[in-house]
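Number of protein chains: 2
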Amino acid sequence: MNQPLQVNLTKELLELENFIIHRSCDVEQWFRSQWLENQAPFYGSVDLRNSGFKLAPVDMNLFPGGFNNLNPDFAPLAIQAASVAIEKVCPEAKRVLIIPEKHTRNMFYLKNLFQFKEILKNSGLEVRIGSVDTSILESTNIDIDENHFITIEPIEKREDFLFLKNKDGSEFIPCSIILNNDLSGGVPEKIKNLGQQIIPPINAGWPTRRKSSHFQFYSQVVKEFSLLTNSDPWLIDPLSEKLDNLNFSAGEGEDRLVETIDTLLASNTKKI
Amino acid sequence: MNQPLQVNLTKELLELENFIIHRSCDVEQWFRSQWLENQAPFYGSVDLRNSGFKLAPVDMNLFPGGFNNLNPDFAPLAIQAASVAIEKVCPEAKRVLIIPEKHTRNMFYLKNLFQFKEILKNSGLEVRIGSVDTSILESTNIDIDENHFITIEPIEKREDFLFLKNKDGSEFIPCSIILNNDLSGGVPEKIKNLGQQIIPPINAGWPTRRKSSHFQFYSQVVKEFSLLTNSDPWLIDPLSEKLDNLNFSAGEGEDRLVETIDTLLASNTKKI
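Line by line, the protein sequences are chains A and B.
Mapped onto this note's numbering, the consecutive letters of the first sequence carry residue numbers 84 to 355.
Mapped onto this note's numbering, the consecutive letters of the second sequence carry residue numbers 84 to 355.
Read the hints as simulated data drawn from the structure, not as lab findings.
Just so we're clear, the structure is a prediction, and the values are computed from it rather than from any experiment.
Incorrect hints may have been included.
Said to hold, decoys possible - Below, computed lysine-lysine pairings styled on DSS-like, alpha-carbon distance capped at 27 Å: (1) LYS194(B) x LYS248(B); (2) LYS177(A) x LYS273(B); (3) LYS171(A) x LYS171(B); (4) LYS275(A) x LYS306(A); (5) LYS204(B) x LYS171(A); (6) LYS185(A) x LYS248(A); (7) LYS171(A) x LYS177(B); (8) LYS306(B) x LYS294(B); (9) LYS248(B) x LYS275(B); (10) LYS185(A) x LYS204(A); (11) LYS250(B) x LYS240(B); (12) LYS306(A) x LYS273(A); (13) LYS204(A) x LYS171(B); (14) LYS250(B) x LYS273(B); (15) LYS306(B) x LYS325(B); (16) LYS177(B) x LYS94(B); (17) LYS204(B) x LYS250(B); (18) LYS171(B) x LYS177(A); (19) LYS94(B) x LYS306(B); (20) LYS294(B) x LYS325(B); (21) LYS306(A) x LYS177(B).
Said to hold, decoys possible - Simulated DEER-style distance windows between Cβ atoms: (22) SER116(A) x LEU160(B): 23 to 33 Å; (23) THR234(B) x PRO316(A): 31 to 41 Å; (24) ASP243(B) x LYS306(A): 33 to 43 Å; (25) SER116(B) x GLU337(A): 53 to 63 Å; (26) ASP251(B) x ASP142(A): 42 to 52 Å; (27) ASP142(A) x LYS275(B): 49 to 59 Å; (28) ASN91(A) x HIS231(B): 31 to 41 Å.
Note that the Cβ used here is the ideal one computed from N, Cα and C, for glycine as well.
Between the sequences and the hints, there should be enough to build the whole structure, so can you do that?
Right, here's the structure in full:
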């Protein structure tokens, strides 16, 4: 995010870039029409790979990190964007609870979490962080630099709603819960069947969501966008193939992986 | 806009300011809940008067000028805000037509118009300016400084829609029309009964809208807001009274005006 793409674009990608710059009205209008039909995710981050002749996403995270890498000059934009997202998704929200990953020892993640909380706070929400990590037994302050710390609290549950205990014995009951946990470790019992709104919904987590189906949908979107830009969909669509029963730590399936990659690349050589 | 308020606030206003700063979550949430019930205007500007013991609006313009006075550092925020407003009010819009005031000799107004057009352009719209001024007979470029000019074109009408003629004979047909003309000279025939969407609607113009009723509604809003902030509504509510048959150029009704002001102030001395 801090480093510009260093690769020089080749002709076709330059033409696409040119289109996007000079026909920004058409592009923006295309996006607005898409948002009418499909709700945009509350937040997200995309990993891009740029070879100079192809520039494609290789992952989309619906529980993004890296808020600490945002350009501080753009903080007002992030805050305004958060306000708009909140107004769209949960306009009645006032108190929100962030459920983070369990990486309480990963300083990058904690700094990211701190920034994310600041953005939400500045967009006019009361924000606290509650962990599903069962090792968090009491409200815990963790220093993230010399001047700042982050407080992570144990989540309590009664009937179908989550809350935090205040020091004075009262309760912090969030209207909405913002997941910043990709649920790759499974869906914790605590957050199942809640009366409170969860953003993004639990089925955006990895137990339900499949990268393979994400890229099927992405391919479809690329086809539509390429009709608008009159460009080759291949330029921005990654090659992908689903492969089952891989286990890298046990070395299982590596041969099949190599084979599949070779076949994928071979079927696309005309392009490279 | 460029000068901070120079008056020191007195106790009660300081308390209100304090509330707004320290209880920003409640204030933002109050606004979000209001936007659920009432649509916010597409744009607007408010004139404030600050005596130090009372800080109140004295006018609200639904066809604002002064875009050239916005802090250039905040341009990205203005562009993002415009995108959001467009997405809410006319998401399908691509080409828009701005109908400005007729002040084509007022350089401040033209600079303002130029900035407003830039903001809309940068939010992803194709924007042109068409005047209802019957003296504009052809596309006219007006320099606004050494490097920039603004193009004002005559508006054409066919059946129930407005358009501009392109140089090559084709037509620029806007999806939406953005009024930046307060219609204080009356509603031009050309913009009556249009099939295109007009933002704000024509009845937001001065021929329909009354400052007296604006301040009646404003008073109601102030009462609700003051319940939230636990403050005296008087602090932010202007005193107003409706007076008919005034004519300043003919000097008609000046006595009654003086009398009415005296009575208004006298009935509020307990406060001052």
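Checked hints:
{"no.": "1", "hint": "LYS194(B) x LYS248(B)", "in the structure": "24 Å, holds"}
{"no.": "2", "hint": "LYS177(A) x LYS273(B)", "in the structure": "46 Å, violated"}
{"no.": "3", "hint": "LYS171(A) x LYS171(B)", "in the structure": "10 Å, holds"}
{"no.": "4", "hint": "LYS275(A) x LYS306(A)", "in the structure": "37 Å, violated"}
{"no.": "5", "hint": "LYS204(B) x LYS171(A)", "in the structure": "24 Å, holds"}
{"no.": "6", "hint": "LYS185(A) x LYS248(A)", "in the structure": "20 Å, holds"}
{"no.": "7", "hint": "LYS171(A) x LYS177(B)", "in the structure": "22 Å, holds"}
{"no.": "8", "hint": "LYS306(B) x LYS294(B)", "in the structure": "18 Å, holds"}
{"no.": "9", "hint": "LYS248(B) x LYS275(B)", "in the structure": "20 Å, holds"}
{"no.": "10", "hint": "LYS185(A) x LYS204(A)", "in the structure": "22 Å, holds"}
{"no.": "11", "hint": "LYS250(B) x LYS240(B)", "in the structure": "17 Å, holds"}
{"no.": "12", "hint": "LYS306(A) x LYS273(A)", "in the structure": "40 Å, violated"}
{"no.": "13", "hint": "LYS204(A) x LYS171(B)", "in the structure": "24 Å, holds"}
{"no.": "14", "hint": "LYS250(B) x LYS273(B)", "in the structure": "22 Å, holds"}
{"no.": "15", "hint": "LYS306(B) x LYS325(B)", "in the structure": "20 Å, holds"}
{"no.": "16", "hint": "LYS177(B) x LYS94(B)", "in the structure": "50 Å, violated"}
{"no.": "17", "hint": "LYS204(B) x LYS250(B)", "in the structure": "20 Å, holds"}
{"no.": "18", "hint": "LYS171(B) x LYS177(A)", "in the structure": "22 Å, holds"}
{"no.": "19", "hint": "LYS94(B) x LYS306(B)", "in the structure": "20 Å, holds"}
{"no.": "20", "hint": "LYS294(B) x LYS325(B)", "in the structure": "9 Å, holds"}
{"no.": "21", "hint": "LYS306(A) x LYS177(B)", "in the structure": "22 Å, holds"}
{"no.": "22", "hint": "SER116(A) x LEU160(B): 23 to 33 Å", "in the structure": "24 Å, holds"}
{"no.": "23", "hint": "THR234(B) x PRO316(A): 31 to 41 Å", "in the structure": "37 Å, holds"}
{"no.": "24", "hint": "ASP243(B) x LYS306(A): 33 to 43 Å", "in the structure": "37 Å, holds"}
{"no.": "25", "hint": "SER116(B) x GLU337(A): 53 to 63 Å", "in the structure": "56 Å, holds"}
{"no.": "26", "hint": "ASP251(B) x ASP142(A): 42 to 52 Å", "in the structure": "46 Å, holds"}
{"no.": "27", "hint": "ASP142(A) x LYS275(B): 49 to 59 Å", "in the structure": "54 Å, holds"}
{"no.": "28", "hint": "ASN91(A) x HIS231(B): 31 to 41 Å", "in the structure": "33 Å, holds"}
Hint compliance for this structure: hints 2, 4, 12 and 16 are broken, all remaining hints hold.
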